[in-house]
Amino acid sequence: MSEGLFGIHGMALALRAQRMGVLTSNIANAGTPGYKAKDIDFAAALKARTEGKSEASAIGGATLYRVPVMPSLDGNTVEISTEQTAFADNAVGYSATLSFIRGRVETVTRAIKGE
Amino acid sequence: MGNSLNRNPMTLFEVAGRAMSAQLVRMNASASNLANAGTVSASEEEAYRPVRPVFAQQLDARTGLSTVRVSGLIRENAAPLRTHNPDHPLADANGDVWAAPVDENAEMIEMLESSRQYQNVVEAMQTAKQLMLETMRMK
Numbered sequence: 001m002s003e004g005l006f007g008i009h010g011m012a013l014a015l016r017a018q019r020m021g022v023l024t025s026n027i028a029n030a031g032t033p034g035y036k037a038k039d040i041d042f043a044a045a046l047k048a049r050t051e052g053k054s055e056a057s058a059i060g061g062a063t064l065y066r067v068p069v070m071p072s073l074d075g076n077t078v079e080i081s082t083e084q085t086a087f088a089d090n091a092v093g094y095s096a097t098l099s100f101i102r103g104r105v106e107t108v109t110r111a112i113k114g115e
Numbered sequence: 001m002g003n004s005l006n007r008n009p010m011t012l013f014e015v016a017g018r019a020m021s022a023q024l025v026r027m028n029a030s031a032s033n034l035a036n037a038g039t040v041s042a043s044e045e046e047a048y049r050p051v052r053p054v055f056a057q058q059l060d061a062r063t064g065l066s067t068v069r070v071s072g073l074i075r076e077n078a079a080p081l082r083t084h085n086p087d088h089p090l091a092d093a094n095g096d097v098w099a100a101p102v103d104e105n106a107e108m109i110e111m112l113e114s115s116r117q118y119q120n121v122v123e124a125m126q127t128a129k130q131l132m133l134e135t136m137r138m139k
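Sequences listed follow chains P and U, in order.
Quick note on the working numbering: the first sequence kicks off at 1 and runs consecutively.
Quick note on the working numbering: the second sequence kicks off at 1 and runs consecutively.
It is worth saying that the hints were derived from the structure and are not from the lab.
Wrong hints could be hidden among the right ones.
Under 8 Å between C-beta atoms, here's a sample of chain P residues computed to sit facing chain U [said to hold, decoys possible]:
1. I27
2. L98
3. V105
4. T109
5. K113
Cβ coordinates follow ideal geometry from the N, Cα and C atoms, glycine included.
Generate coordinates for the entire structure from the input sequences, incorporating the hints supplied.
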């Protein structure tokens, strides 16, 4: 029902939330030796999700290790500029998806009320 | 890495909170080192050696989130500085005292780096919180 009402946006919001968690983990581990930064390829995950895969398998298939621009000596691959840019990008995407959902809810509410 | 204390799936706030605690441990260690800079001892063994926390990743396999834990505190293996000072009350038979091998500049850098990483986590948490609240209120 919710997928019928919100279309792709329900899945997209869940994936955006998951990606936000992964990016926060990267930022949190900026000082952990040997930590390998990860990221979710959002487009690939959403594609897998629309093809009918479960959320877990879509995320699992689209989660990749980040290739650092400049590897550090302690084996940590977090580059804070990259992570913060990705985080901002994801936050904007999350907001956009949220507006689409809100618009849909408003439309349906108006239809129900018959205004 | 399993966590016996917490059976619930890890949340984003837990990730941020634990990362902040870990950075605080690091700042405390650095502050201890700075406080002990210049202290002298009677022998090489007794001299203060800088402490340094070791961070490790703590992964929650159910959610894919990973936070930070302090896996241990190590004493740095730096050689205390021997200075000849026969008038010092702690001086040994040769008239030497042993000063703590604290590099003040390195400690200041450590402190700065730690506080910047702390700030980054706080910022990420604030944005995430804002988005969660917006989702909840739908406005």
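Comparing the hints with the structure gives:
1. Of the supplied interface hints, the one on I27/P holds, with its beta-carbon coming within about 5 Å of a beta-carbon of chain U, less than 8 Å.
2. The criterion of a C-beta within 8 Å of any C-beta in chain U is met by L98/P, whose closest approach is roughly 6 Å, and the hint holds.
3. A distance limit of 8 Å between C-beta atoms decides the matter here; for V105/P the minimum to chain U is near 7 Å, and the interface restraint holds.
4. Interface hint status for T109/P: violated, as the beta-carbon distance to the closest one in chain U is roughly 11 Å, over 8 Å.
5. This hint is violated: K113/P has a C-beta 16 Å from the nearest C-beta of chain U, more than the 8 Å allowed.
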